[in-house]
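Colleague: Generate coordinates for the entire structure from the input sequences, incorporating the hints supplied.
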Amino acid sequence: MSAKEDEYDYLFKVVLIGDSGVGKSNLLSRFTRNEFNLESKSTIGVEFATRSIQVDGKTIKAQIWDTAGQERYRAITSAYYRGAVGALLVYDIAKHLTYENVERWLRELRDHADNNIVIMLVGNKSDLRHLRAVPTDEAKAFAERNNLSFIETSALDSTNVEAAFQQILTEIYRIVSQKQIRNDGDGENSPDMKATLNINIPPTEPSDRKKPCCQ
Amino acid sequence: MSREEQRVKSNETNAQQFWKQQQPDTSAITAKFPGRVMKQNSIASTVAVQKNDSRSKTVEHRRNNSTSFELFTASCDDAWDSKLDDCVASDCVQHTVRRSSSASRCRTNGKEGKAKASVSLSSSPSSKQCELRTTSAKSSIVTSADCDPKLSKFKKLLFEDDVCDLNQLRSMAWAGIHAEVRPLAWKLLLGYLPVIRSKRQQTLERKRTEYQHLVLQYYNNRSTNDEMWRQIHIDIPRMQPLISIFQQEVVQKIFERILYIWSIRHPASGYVQGMNDLVTPFFVTYLSEFIPGHSLMDVESFAVSSLPDDTLRGVEADSFWSFSKLLDSIQDNYTFAQPGIQKLVNLLARVMKRADATLHEHLTRHGVQYLQFSFRWMNNLLIRELPLRCIVRLWDTYLAEGAVTTTSLPTPSSAPSNNSSSVQQKSSFISVSENSVWNMGNGTPFACSFHLFVCAAFLRFWSKTLLREKDFQGLMLLLQNLPTFHWGDTEIKLLVADAYQLKYTFTPNHLLS
Numbered sequence: 001m002s003a004k005e006d007e008y009d010y011l012f013k014v015v016l017i018g019d020s021g022v023g024k025s026n027l028l029s030r031f032t033r034n035e036f037n038l039e040s041k042s043t044i045g046v047e048f049a050t051r052s053i054q055v056d057g058k059t060i061k062a063q064i065w066d067t068a069g070q071e072r073y074r075a076i077t078s079a080y081y082r083g084a085v086g087a088l089l090v091y092d093i094a095k096h097l098t099y100e101n102v103e104r105w106l107r108e109l110r111d112h113a114d115n116n117i118v119i120m121l122v123g124n125k126s127d128l129r130h131l132r133a134v135p136t137d138e139a140k141a142f143a144e145r146n147n148l149s150f151i152e153t154s155a156l157d158s159t160n161v162e163a164a165f166q167q168i169l170t171e172i173y174r175i176v177s178q179k180q181i182r183n184d185g186d187g188e189n190s191p192d193m194k195a196t197l198n199i200n201i202p203p204t205e206p207s208d209r210k211k212p213c214c215q
Numbered sequence: 001m002s003r004e005e006q007r008v009k010s011n012e013t014n015a016q017q018f019w020k021q022q023q024p025d026t027s028a029i030t031a032k033f034p035g036r037v038m039k040q041n042s043i044a045s046t047v048a049v050q051k052n053d054s055r056s057k058t059v060e061h062r063r064n065n066s067t068s069f070e071l072f073t074a075s076c077d078d079a080w081d082s083k084l085d086d087c088v089a090s091d092c093v094q095h096t097v098r099r100s101s102s103a104s105r106c107r108t109n110g111k112e113g114k115a116k117a118s119v120s121l122s123s124s125p126s127s128k129q130c131e132l133r134t135t136s137a138k139s140s141i142v143t144s145a146d147c148d149p150k151l152s153k154f155k156k157l158l159f160e161d162d163v164c165d166l167n168q169l170r171s172m173a174w175a176g177i178h179a180e181v182r183p184l185a186w187k188l189l190l191g192y193l194p195v196i197r198s199k200r201q202q203t204l205e206r207k208r209t210e211y212q213h214l215v216l217q218y219y220n221n222r223s224t225n226d227e228m229w230r231q232i233h234i235d236i237p238r239m240q241p242l243i244s245i246f247q248q249e250v251v252q253k254i255f256e257r258i259l260y261i262w263s264i265r266h267p268a269s270g271y272v273q274g275m276n277d278l279v280t281p282f283f284v285t286y287l288s289e290f291i292p293g294h295s296l297m298d299v300e301s302f303a304v305s306s307l308p309d310d311t312l313r314g315v316e317a318d319s320f321w322s323f324s325k326l327l328d329s330i331q332d333n334y335t336f337a338q339p340g341i342q343k344l345v346n347l348l349a350r351v352m353k354r355a356d357a358t359l360h361e362h363l364t365r366h367g368v369q370y371l372q373f374s375f376r377w378m379n380n381l382l383i384r385e386l387p388l389r390c391i392v393r394l395w396d397t398y399l400a401e402g403a404v405t406t407t408s409l410p411t412p413s414s415a416p417s418n419n420s421s422s423v424q425q426k427s428s429f430i431s432v433s434e435n436s437v438w439n440m441g442n443g444t445p446f447a448c449s450f451h452l453f454v455c456a457a458f459l460r461f462w463s464k465t466l467l468r469e470k471d472f473q474g475l476m477l478l479l480q481n482l483p484t485f486h487w488g489d490t491e492i493k494l495l496v497a498d499a500y501q502l503k504y505t506f507t508p509n510h511l512l513s
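Chains as they are written, first to last, in the numbering used here: chain D, 1 to 215; chain L, 1 to 513.
The hints are simulated quantities; they were obtained by calculation from the structure and are not laboratory data. For glycine and all other residues, C-beta sits at the position ideal for the given N, C-alpha and C. The hints are all genuine.
Incomplete in silico selection of chain L near chain D, CB under 10 angstroms: (1) D235; (2) L371; (3) Q473.
Under the rule of at most 27 angstroms between Cα atoms (straight-line distance), these lysine-lysine pairs were calculated in the DSS-like manner: (4) L/K343 x L/K353; (5) L/K253 x D/K95; (6) L/K343 x D/K41; (7) L/K470 x D/K58.
Modeller: This is the structure:
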């Protein structure tokens, strides 16, 4: 791996959760590889992918864990919530049940994830206009009531996929950089921090190349 | 494919060199993948390469090594040929003499773990078998399957003997079963059909009728709001998307029935994602019986609806009962919190710590946890990691091992010959019996021993490639997509040989410490 790809200013761990078949894996493959597969295999346990984006001239590397949607895997997948600074909670706009289950997923996050995790509600499959079962306004209102950001996406036609990840990563970045200013000097990390991937909030890992201005 | 196969026959040595040349390449490509935006997507993803032939060819071309790659691919494509067995035969004979000494060294000294694969390969089949194979190797080129002594022996055991000697069947099956006789051999090894030949047809009919009753009782009365039904329904259309047979509606209905009926009758686990994969090897194998040539490659694209309903119902029922036998032995992989899998993953880490300390440390240093990549290996019995044809071949050995573990070492002399029917009752897919090495003395709470060692062998197969990855993401991305799409019989033989080696190198004491 070349040094260039290894360089980043921040490393954020994000989880993709939601019912089975809502398109989590395709959102991830669209974002990280620009690929979409109509018959992608079901996710077993968890799968990992990564991509870096730029925010305010800083390189942010997102380490994304795609989880299996089935209930039986909950015990395994919930272990991955720990240390995550962001969660994309995905439902299928054409399947109302997957939207109803959002509450259950929020409880899961409350039970297993860090308190200050940034959550974004994602209504996927927005290309299925004729099959829509969840009105945008309803989901939007729900998100506001629960302090979640909200977006509708289509992994199939790429609508808003980039925007969804960009938005949540930017939001995390803002929170983290604010915190960093407050806790100036607290973010001292051992040199091998990057290798151990210890990423709790504050999940910043100043790289050797560029240090955030506050350091 | 046949064209390529012909080419490879002429140049097998060159093909064998493929790994040495390609491994660095593969890792380099994968290593470049992480973090990049849509640049190398076509190269890094195994699936992508598999999906798009033309694209994969470009990649090969870029590697400037297309000839050896194609040759290698083709060389691995002969999982059901006898010729590989014949190739091994000479090894087999060479090592027969040394076998006992090598085997005992392996057992007494863990550091002997690096002994040659050929030694382990030869230590499983009976010496009788070796003689037979030698004969076949010497007797010019075997062109017709009927002339193949191993196949004849399988046929005699399965179709002529009044009582099939299961121990003999096992010892032969370990090195791979001929496609032609595999369906019946599996049914016997699973304990689905009795060893007494005259009783088989009757049993088969009874079980098939019984299954039809289950369909009426459970499937036809199902509630469509059922959560389990919903999950099965979501998963089946996206099962093995690259194999056309599984996209056929008839086949999807068959899988729906098998999975739903099993799940409703096993509420402790119910349907768990990935179980659908576990039906596939049985289904294609039993279907192959009705396809000319019995080739799995042909089965994968076969138009199933062209078969008579009655035949299909038989295949479905047999698949169901075989799948049930398998799951009975590994049900705690799928109950709440999946304790069976968690145990196996921990044991895998312990085996690896000793079997390949360098790799184990490398993974640990970069924060890779075994659960992160091997959960799926256990949950789906490697079906997501290997091509289906390889899984079928691998399961020949699993089925043979499932019962071989009832004796301390599967040497022909130590295998009891008089209790075949009682052993048959106990025969389970990959479980370990009470008498096994694993449970002796300290009663290790453990099943699935052979699969565990196959996973360990599989992981250390990639050792060099993995050691080249220098960070967490490089390792994870590679581990999730190990490039096995061109694997065939040769690799599986090496894999099971290494697993066999590991199994007899490690005792439960090793792993408990």
